[in-house]
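Work out the full structure: start from the sequences and follow the hints.
So the sequence lines, in the order shown, correspond to chains A and B. The opening residue of the first sequence carries number 0 in numbering that gives the first Met the number 0; numbering runs sequentially from there. The opening residue of the second sequence carries number 0 in numbering that gives the first Met the number 0; numbering runs sequentially from there.
Heads up, a few of these hints could be off.
[Unchecked claim] Keeping only pairs whose Cα atoms sit at most 25 Å apart, straight-line, the calculated SDA-like set for lysine to any residue is: (1) B/LYS45 with A/GLY89; (2) A/LYS4 with B/ARG16; (3) A/LYS4 with B/ALA30; (4) A/LYS4 with B/LEU14; (5) A/LYS4 with B/ARG19; (6) A/LYS4 with B/GLU248; (7) A/LYS4 with B/LEU22; (8) B/LYS306 with B/GLN333; (9) A/LYS4 with B/LYS45; (10) A/LYS4 with B/LEU25; (11) B/LYS45 with A/MET91; (12) B/LYS45 with A/GLY90; (13) A/LYS4 with B/LEU11; (14) B/LYS45 with A/ALA81; (15) A/LYS4 with B/LEU24; (16) A/LYS4 with B/GLN333; (17) B/LYS45 with A/VAL87; (18) A/LYS4 with B/LEU13.
It should be emphasised that the hints constitute simulated quantities derived from the structure, not laboratory data.
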Amino acid sequence: MNLEKVIFAFFIVLALTLNFGFYVGEIDNPVHHSAYELYAALVVSLIATVLKLGDRTHLGAVLLATSLVADLQLIAAAIVWAYADHVVVGGMTPHIMTAIVSLSGGALLANLTSVVLFIAETIAIRR
Amino acid sequence: MPFAAELVNNVLFLLLRRLRTPLILLITVYAVTVLGFVLIPGMDDKGRPWAMDFFHAFYVVSYTATTIGFGELPYVFNDAQRMWLTFTIYASVVTWIYSIGAVLTAVQDPAFRVVRIENAFARAVRRIREPFYVVCGYGDTGTLLVRALAESGIQAVVIDIDQERVNVLELEELPMVVPALRGDAAIPSNLQLAGLKHRHCLGVIALTNRDAVNLKIAITARLLRPRLATICRADTQDAANNMASFGTEHIINAFNTFAGRLAMALHAPGLYLLFEWMTAAPHEPLREPIFPPVGRWILCGYGRFGKAVHARLAREGVVATIVEADPALTHPPQGSVIGRGTEAETLQQAGIEQAVGIVAGTDNDANNLSIIMTARELNPQLFMVARQNEQQNALLFSAAKLDLLMQRGNVIAHKIFALLTTPLLTEFLDLAKQQGNAWANQLLSRLGGIIGDEAPETWGLAITPAEAPAIYAGLAAGHSVTVSDLWRDPRNRDERLPGIALLLKRDEEEILVPDESMPLVRGDRLLLAGRIEARRQLSWIARNHNSFAYLATGRERPSGYVWEYFVGARKINPGK
Numbered sequence: 000m001n002l003e004k005v006i007f008a009f010f011i012v013l014a015l016t017l018n019f020g021f022y023v024g025e026i027d028n029p030v031h032h033s034a035y036e037l038y039a040a041l042v043v044s045l046i047a048t049v050l051k052l053g054d055r056t057h058l059g060a061v062l063l064a065t066s067l068v069a070d071l072q073l074i075a076a077a078i079v080w081a082y083a084d085h086v087v088v089g090g091m092t093p094h095i096m097t098a099i100v101s102l103s104g105g106a107l108l109a110n111l112t113s114v115v116l117f118i119a120e121t122i123a124i125r126r
Numbered sequence: 000m001p002f003a004a005e006l007v008n009n010v011l012f013l014l015l016r017r018l019r020t021p022l023i024l025l026i027t028v029y030a031v032t033v034l035g036f037v038l039i040p041g042m043d044d045k046g047r048p049w050a051m052d053f054f055h056a057f058y059v060v061s062y063t064a065t066t067i068g069f070g071e072l073p074y075v076f077n078d079a080q081r082m083w084l085t086f087t088i089y090a091s092v093v094t095w096i097y098s099i100g101a102v103l104t105a106v107q108d109p110a111f112r113v114v115r116i117e118n119a120f121a122r123a124v125r126r127i128r129e130p131f132y133v134v135c136g137y138g139d140t141g142t143l144l145v146r147a148l149a150e151s152g153i154q155a156v157v158i159d160i161d162q163e164r165v166n167v168l169e170l171e172e173l174p175m176v177v178p179a180l181r182g183d184a185a186i187p188s189n190l191q192l193a194g195l196k197h198r199h200c201l202g203v204i205a206l207t208n209r210d211a212v213n214l215k216i217a218i219t220a221r222l223l224r225p226r227l228a229t230i231c232r233a234d235t236q237d238a239a240n241n242m243a244s245f246g247t248e249h250i251i252n253a254f255n256t257f258a259g260r261l262a263m264a265l266h267a268p269g270l271y272l273l274f275e276w277m278t279a280a281p282h283e284p285l286r287e288p289i290f291p292p293v294g295r296w297i298l299c300g301y302g303r304f305g306k307a308v309h310a311r312l313a314r315e316g317v318v319a320t321i322v323e324a325d326p327a328l329t330h331p332p333q334g335s336v337i338g339r340g341t342e343a344e345t346l347q348q349a350g351i352e353q354a355v356g357i358v359a360g361t362d363n364d365a366n367n368l369s370i371i372m373t374a375r376e377l378n379p380q381l382f383m384v385a386r387q388n389e390q391q392n393a394l395l396f397s398a399a400k401l402d403l404l405m406q407r408g409n410v411i412a413h414k415i416f417a418l419l420t421t422p423l424l425t426e427f428l429d430l431a432k433q434q435g436n437a438w439a440n441q442l443l444s445r446l447g448g449i450i451g452d453e454a455p456e457t458w459g460l461a462i463t464p465a466e467a468p469a470i471y472a473g474l475a476a477g478h479s480v481t482v483s484d485l486w487r488d489p490r491n492r493d494e495r496l497p498g499i500a501l502l503l504k505r506d507e508e509e510i511l512v513p514d515e516s517m518p519l520v521r522g523d524r525l526l527l528a529g530r531i532e533a534r535r536q537l538s539w540i541a542r543n544h545n546s547f548a549y550l551a552t553g554r555e556r557p558s559g560y561v562w563e564y565f566v567g568a569r570k571i572n573p574g575k
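Set out below in structure tokens:
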């Protein structure tokens, strides 16, 4: 067992699960989507990105790229949320909520790719 | 270049790897403190319960962590929030200090700096857009050679194993930037970094003081770029043979070359002076002629250099008495005197009162100077020759007022410089050697009348469409051009430019100092010498059809279609 791999797998799977947890529910209903969950998903995703830095293999490079995509999407979702709450007159609308959730949906796909790649690598190593 | 890209990645990955921990720490501290502010219940300005959302929390943590400290926003904090803010200040500020420290440490790390310096060097080499030479070894010879190259506008790239030598190069005031790398030239990747595979690389010059390294450089160049010019220094015959076995272009045995030049100075001073003039670096002052006496010489030092000198002198019939300190190691011939030559006793034993000259040729500069000073006291009439090993002692040797000073670095550097810049020169000097001293003296007096007090400029000229289009076209049109026609001044064709043709190569035939009335044909290659302005004028004539036409016919050629038409019409009319 390799401790580095445990921590690494933990973070990328956690990024996916949190992301998924935020994503599920009616797309335009703010009650179904928790800001705390988005926050947790973003923080974990950032940590997962840093863990992938400095890996010189080809797979490492692809993992880093997918992780950066997830970060970008989640940061965009967070900014849109803050914008809706504090800048837009009248606050959150179903339309804005849809935008936030679909942005996190994109991040979900990127995180899913990460996990699939990670599993593929794990299966290739027969130890 | 994939190799360079790999290097850039190296730098990046090294930095990222080092920054992993500080980055994760920063993210964690931010995440925890932001979450804390969101969870702690507060109050707005009217006393109603109010909790920060993520946006406000991130805002507060951001200005606190960076020590900007805007205060308690948007509403005055309660005690629970103040407690959390205190924790936030210490946790985030300490983390930032640690992270910045980690970045600075990573950047200043010796391993990282080496990679960065190599990277900058590789980039500088990659940006070279003109032909250049790779010079391995920046000792005395390398210093002189790089300076001579730079002053004549030829780019060089330097590798030396000693950081101090690289620093010296950086401090040297050269007219162009010469990239230098501290590294072992015997490692192929270093040579590659220096541009061995660069498409503008013209050649590799191996000048390190170790034969094994020079040999490795020659092999590397041979395998990676088979057609590249390689010039190698070899101190032993063994290494020279080894290099020759796989086709190294020019092998320079430092001791033989140097000893040969010294022996030439003693038995054929005219030829020696000719060699010195022809191989001088640009803008060097002209060396004065020397007049060594005939008789018995004393030769101090019988090492590799002394042996080479002795062999050459013996071949020329010059008798020399050898003074050697360590006969067990060097095996001097019978009748040699044992001693260093720095004491009066040894020199008297060698018969200094009857000798005509002395050569201080040990490998120790201090001893050589001591020999010269002792000898001068015993016999002030002696012709003094000393070998200077290190460039840093130049001041002492010039103060010693010698009749002839042999600087090894100088001789080798000049020889290589001449090889690189004027290809026909080697052939000329080989032919000149067979002609003897009287011939050389005659040529010297002709040259001396032409050039001023600076070393003559030597250059090659090929009558080809690329190098001399005007002359080539003129010859093709049936004009007759003789060697002396080359030297007509384009401002007034009856004046003569200060220059002389040293060698004419026609196919495989070599004509030494061709007669002035000799007609040129297309494809001729010439070696010319003269003043720098003659060179400029000549390259003008060779390329400009109008000046060439004026020189060949004495008439100004019409330089536009309109005028050409009128002149043509006038020429035809009288015929009618």
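Okay, the hints, checked on the actual structure:
1. B/LYS45 with A/GLY89: It holds: about 21 Å lies between the C-alpha atoms, which stays within 25 Å.
2. A/LYS4 with B/ARG16: holds (16 Å)
3. A/LYS4 with B/ALA30: Given pair A/LYS4, B/ALA30 holds - Cα atoms ~23 Å apart, limit 25 Å.
4. A/LYS4 with B/LEU14: holds (21 Å)
5. A/LYS4 with B/ARG19: holds (15 Å)
6. A/LYS4 with B/GLU248: Violated, at roughly 56 Å.
7. A/LYS4 with B/LEU22: holds (19 Å)
8. B/LYS306 with B/GLN333: OK: B/LYS306 and B/GLN333 at ~14 Å, within 25 Å.
9. A/LYS4 with B/LYS45: violated (52 Å)
10. A/LYS4 with B/LEU25: holds (22 Å)
11. B/LYS45 with A/MET91: holds (24 Å)
12. B/LYS45 with A/GLY90: holds (21 Å)
13. A/LYS4 with B/LEU11: Between A/LYS4 and B/LEU11 the Cα gap is close to 23 Å, so the pair holds against 25 Å.
14. B/LYS45 with A/ALA81: The hint holds at about 23 Å.
15. A/LYS4 with B/LEU24: holds (19 Å)
16. A/LYS4 with B/GLN333: violated (79 Å)
17. B/LYS45 with A/VAL87: This hinted pair holds, its Cα atoms lying about 23 Å apart.
18. A/LYS4 with B/LEU13: holds (20 Å)
This entry does not satisfy hints 6, 9, 16, going by the numbered hints stated previously.
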